[in-house]
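K.L.:
Take a look at the letters that make up each chain.
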Amino acid sequence: MILLQNSGEPIYQQIATQLKEDILTGKLKQGEYLPSIRSLAKDLKISVITTMKAYELLQEEGLVSAAQGKGFYVNAQDSEMLKEQHLRKVEENLMNAIAAAKIAGISRKELEELFLTLLGME
Amino acid sequence: MENVLEIVDLKKKFRGFELNVKELNIPKGFATALIGENGAGKSTLLNILAGIRVDYKGHIRYFGKYEDGDRDKEEYRVRENIGYTGPGGVFLPHWTAKEVAEVSEILFEGFHRDRFEQLCSDLAISTTQDKSKKFSALSDGNKMKMVLAAAFARDTSLLIMDEPASPLDPLMRDKLCCMIREYLAEEEGERSVLFSTHNISDMENVTDYAIIMEHGKIVEQGFVEDLKEKYILVKGNAEDAALARKVLYSITENKYGFEGICLACRLDELAGLNVEAETPTLFQISVAIMKQNTVIR
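Chains as they are written, first to last, in the working numbering: chain Y, 45 to 166; chain C, 59 to 355.
If you're looking for bench data, these hints aren't it; they were derived computationally from the structure. By construction, the Cβ of each residue, glycine as well, lies at the ideal position given by its N, Cα and C atoms. Each hint can be trusted.
Label pairs and their calculated CB-CB ranges:
(1) LYS153/Y / ASN295/C: 42 to 48 Å
(2) GLU336/C / SER109/Y: 32 to 38 Å
(3) PRO228/C / ARG152/Y: 58 to 64 Å
(4) GLN74/Y / GLU60/C: 29 to 35 Å
(5) THR61/Y / SER197/C: 42 to 48 Å
(6) GLY280/C / GLN74/Y: 34 to 40 Å
Derived lysine-lysine pairs resembling DSS-like cross-links, with alpha carbons at most 27 Å apart:
(7) LYS286/C / LYS64/Y
(8) LYS89/Y / LYS286/C
(9) LYS89/Y / LYS201/C
(10) LYS86/C / LYS89/Y
The task is simple: from the sequences and hints, build the whole structure.
P.N.:
Structure representation (structure tokens):
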């Protein structure tokens, strides 16, 4: 795990993002326990509360659940949710492309053609 | 959330100074930093909590179940479960490392000699030369290392440390942070650490909960991640300083610009000014709050 001190992104967010990736790509499997909060803090040389906040973030997103006294484990990732996650990413990137096209004064028709050409290249 | 220490109406009067803590809880399973100026009452508070100073008024509850009246009853093992390190050292001046270990073994059931030896060598006071030296002949840094080794060599569930980082060099401060994290991780959620410090930046990566004291009172407290959301660091151009001053908690300005801390919820009031905002460090938050509460600016 790579944590940057001065990236502007809070450390807990960085941890959550990287664990999320591990969960969505299946590196961390359903039912598997995450390292205990304090042992992860020890290994990453950060405070306990920072790791805890990262885990709480993952819990809010429904990726992990807390088991009383046993820590956090990975939830079953249903394929609908996975698709939803990816769909959001696609939308976001398309929006970026549209915004860039507007700035460059590319017409709607040109953009559509470009999109179809790119699709055809796949 | 459970607490390792619950303090209610704690008072201790000296000439010209009063420690007055209405209500204070130290969370269980975390490292808590006590921050404040010299003379704010940090050591007095820690000494009372550690059971070194007993002439106070008020109530302290230990480990969620023992009142301070139970602290010295052997069957409750309250003292056995608390480790303490103070500034200047807690050992007799003529003791050597060997004698520190021998006395600790007699005093505390949960003292592990092998762990003490290991910690001494981890902390780089392993040389036979240092070990045969009298405690009084050690440098301030080495004194603190030996005190820390003796405290961490015991089985405890609460460590109270008064200024552990001050006499240590940067390498050893880092080592101290690692030792605190290891201590907490060894029994997930069952162990707690409370320490006072002026070296906020060096200790920030091991601080979960922060308590800021001024003139014998608690002026701010909270989990560090929450405090970093509560306050925000604002920077702007010199011409906006006068307007920003009304909103900022503390401000420093020069001819190029200003910077200061304000409550994040008041950031809206700076709308229209050309300012940049970023998350403050615990050091920046602490200094802002301390400035707010003191006459020296």
